[in-house]
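Undergrad: Now for the letters of each chain:
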Amino acid sequence: MSVVAVQARVHRRRRELLVTGVLALVVVALFVLTMMVGSYRLSPFQVLGSLLGITDDPSVDFIVRDLRLPLAASGLAVGLALGLSGIVFQKVLSNPLASPDFVGISQGASVAGVVSIVLFHWGAVTTSLTALAGALLASALIYLLAWRGGVTGYRFILIGIGVSEFCIAVVGYVLARAQLFDARAAMTWLVGSIGQTGPLQLRILLVALIVLVPVALLLGRWLNALELGDDTASALGVRVETARLSLLGIAVVLVALSTAAAGPVAFVALVSGPIAVRVVRTGGSVLLPSALVGAAVVLGSDLVASHVLPVPLPTGVVTGAVGAPYLIWLLATVNREGRGG
Amino acid sequence: MTPQTRQLSAKDVSFGYGGDDIVRHQDVEVPTGRITAIVGPNGCGKSTLLRGLVRLLKPTSGEVLLDGASIQGLRSVEVAKSIGLLPQTPVAPDGITVADLVGRGRYPHQGWFRQWTADDDRAVSNALAVTNTTDLADRTIAELSGGQRQRVWIAMTLAQDTELVLLDEPTTFLDIHHQVDLLDLLTDLNREASRTIVMVLHDLNLACRYADHLIAMKDGVIAAEGAPVDIVTPELVGEVFGLSCQVVPDPVSATPLIVPLGRHHH
Chain A
1 MSVVAVQARV HRRRRELLVT GVLALVVVAL FVLTMMVGSY RLSPFQVLGS LLGITDDPSV
61 DFIVRDLRLP LAASGLAVGL ALGLSGIVFQ KVLSNPLASP DFVGISQGAS VAGVVSIVLF
121 HWGAVTTSLT ALAGALLASA LIYLLAWRGG VTGYRFILIG IGVSEFCIAV VGYVLARAQL
181 FDARAAMTWL VGSIGQTGPL QLRILLVALI VLVPVALLLG RWLNALELGD DTASALGVRV
241 ETARLSLLGI AVVLVALSTA AAGPVAFVAL VSGPIAVRVV RTGGSVLLPS ALVGAAVVLG
301 SDLVASHVLP VPLPTGVVTG AVGAPYLIWL LATVNREGRG G
Chain B
1 MTPQTRQLSA KDVSFGYGGD DIVRHQDVEV PTGRITAIVG PNGCGKSTLL RGLVRLLKPT
61 SGEVLLDGAS IQGLRSVEVA KSIGLLPQTP VAPDGITVAD LVGRGRYPHQ GWFRQWTADD
121 DRAVSNALAV TNTTDLADRT IAELSGGQRQ RVWIAMTLAQ DTELVLLDEP TTFLDIHHQV
181 DLLDLLTDLN REASRTIVMV LHDLNLACRY ADHLIAMKDG VIAAEGAPVD IVTPELVGEV
241 FGLSCQVVPD PVSATPLIVP LGRHHH
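Chains A and B supply the protein sequences, listed in that same order. Going by this note's numbering, 276 is the number at position 276 of the first sequence; the sequence numbering is gapless. Going by this note's numbering, 48 is the number at position 48 of the second sequence; the sequence numbering is gapless.
A few chain A residues that face chain B, going by a derived Cβ cut-off under 7 Å, partial list only:
no.	residue
1	Ala5
2	Arg9
3	Leu218
4	Ala225
5	Glu227
6	Leu228
7	Gly229
8	Asp231
9	Thr232
10	Arg239
11	Gly283
12	Gly284
Hint data in this document are derived by calculation from the structure and do not stem from the laboratory. Using N, Cα and C, we set each Cβ at its ideal position, and we do this for glycine too.
Make a model of the complete structure from these sequences and hints.
TA: What follows is the structure, encoded as structure tokens:
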């Protein structure tokens with residue numbers, strides 16, 4: 001057998017492991033940094049010592065475990081969930097624009113969240129649950145409307161954009177009719193911030209990640225086949241509709257739970273996958289790298305939003321400011337290559 | 001490779017895409033170990049028939065049989081171990097390398113928890129060698145020429161290691177020189193690796209030259225089938241393609257050569 005092919009594979013695998021390792025280190029560093037900064041600064045050793053239970057300093061333990069760990073864990077979990085679901089959507093629907101915050105799923109959650117806050121004055125937990133239901137309903141609606149003996153990427157995306165516009169209109173209407181105080185609360189939630197994640201929402205999201213990330217990585221086999229087109233995937237023995245529904249299902253649950261936890265943090269799902277593809281550069285599977293990029297983007301954006309800007313702002317302000325120019329660039333270049341349509 | 005030879009046939013099959021059937025009540029017998037070409041004018045149902053044979057379409061009547069058993073009753077992965085398909089427009093993911101793409105053809109041989117094995121390496125190396133693409137292993141698909149790209153896709157189909165290889169218009173986007181190269185390659189595979197090949201071809205003359213068995217289709221039914229020398233006549237070409245022509249022996253291969261007549265040349 002020729003050595004060339006084996007070498008090519010080993011080389012590719014090594015690069016994927018290396019990049020994934022480096023990304024994981026970056027995420028760990030940002031995770032620790034998030035717990036270091038604030039009105040009272042801590043050293044990385046104090047943070048790690050407290051987290052791992054090596055040191056015993058009650059005041060440091062209080063700051064790290066009770067005050068800052070929930071925020072850092074929320075950033076990590078929301079980022080992983082958005083990064084993973086974004087790349088799954090983009091690969092399954094084979095379009096770099098097809099992230100869940102574009103095809104109506106985050107907007108479904110937004111409508112439900114805003115209605116919950118403005119019309120019913122529900123609390124944080126109920127608002128999260130309502131947002132979760134909104135995201136799931138929007139996805140089911142898009143899937144059913146796009147179904148025509150199977151679901152193609154284009155139908156899903158176009159119907160998703162329609163649903164998205166409808167939801168944005170409803171949000172606008174509800175906000176226009178709201179009392180000022182309610183509208184303000186709703187707007188804060190809509191921008192999305194990992195600071196608003198409650199302990200219950202965080203716990204549900206973490207459990208979902210622990211279960212669904214390994215499942216998604218296993219189903220990555222299906223994704224690798226689906227990428228080659230439906231005909232090739234079927235000819236390789238993949239049941240295309242089952243594969244597509246399972247993968248999208250996992251992605252929807254992740255994005256719904258993360259929106260329920262932190263509100264619709266914009267653009268993270270859109271940018272993570274393409275960034276991961278560019279840093280890995282082997283054309284292979286990028287599920288784990290995308291999840292890690294998502295976590296790095298959310299943690300990094302929140303550090304900027306909370307500590308670098310003159311006034312602390314929600315995470316979504318920074319992700320939006322970084323993501324919007326990327327979207328413009330994507331629309332310009334993708335159309336030039338004739339892929340985005 | 002498995003020693004047994006797979007027998008693919010169809011009884012009274014009809015296929016369509018939801019509306020009227022495009023292929024209607026046809027019997028097909030794919031000669032094992034030979035090259036079969038399906039020809040016919042645009043829209044005659046030749047690609048539809050090919051897609052149906054590899055279970056991309058569910059028959060609206062009749063059934064497709066693999067070794068006498070209905071293909072609908074088999075597990076998808078089992079079918080994929082016997083029949084490979086190169087579709088008309090396969091999609092290469094951005095940035096994928098040749099070796100990686102060819103490796104994806106190993107899907108039906110891999111399990112959920114089974115890592116890549118030496119068998120997979122062997123199959124990929126072999127597929128690259130046979131298609132003369134070993135030197136391209138590290139390149140990305142985007143860097144390749146049309147002819148190289150098509151050879152890589154065939155390598156992927158070969159890595160799947162199936163006895164039956166089906167190809168939907170494999171020569172369409174190639175210039176004539178690469179068309180001949182590719183059909184030579186498929187003939188090598190047929191003769192040296194004893195693969196059964198079924199392909200949809202546009203060019204009737206090349207089909208006559210390379211196919212052992214020709215299936216000529218018109219309006220969803222098989223108009224004639226058999227060895228090209230036996231069936232290709234001016235009458236058949238007139239009936240199937242609506243073209244007046246002379247049929248002369250190909251000076252190189254002695255197979256039928258269709259010389260079209262036109263308003264200015266007759």
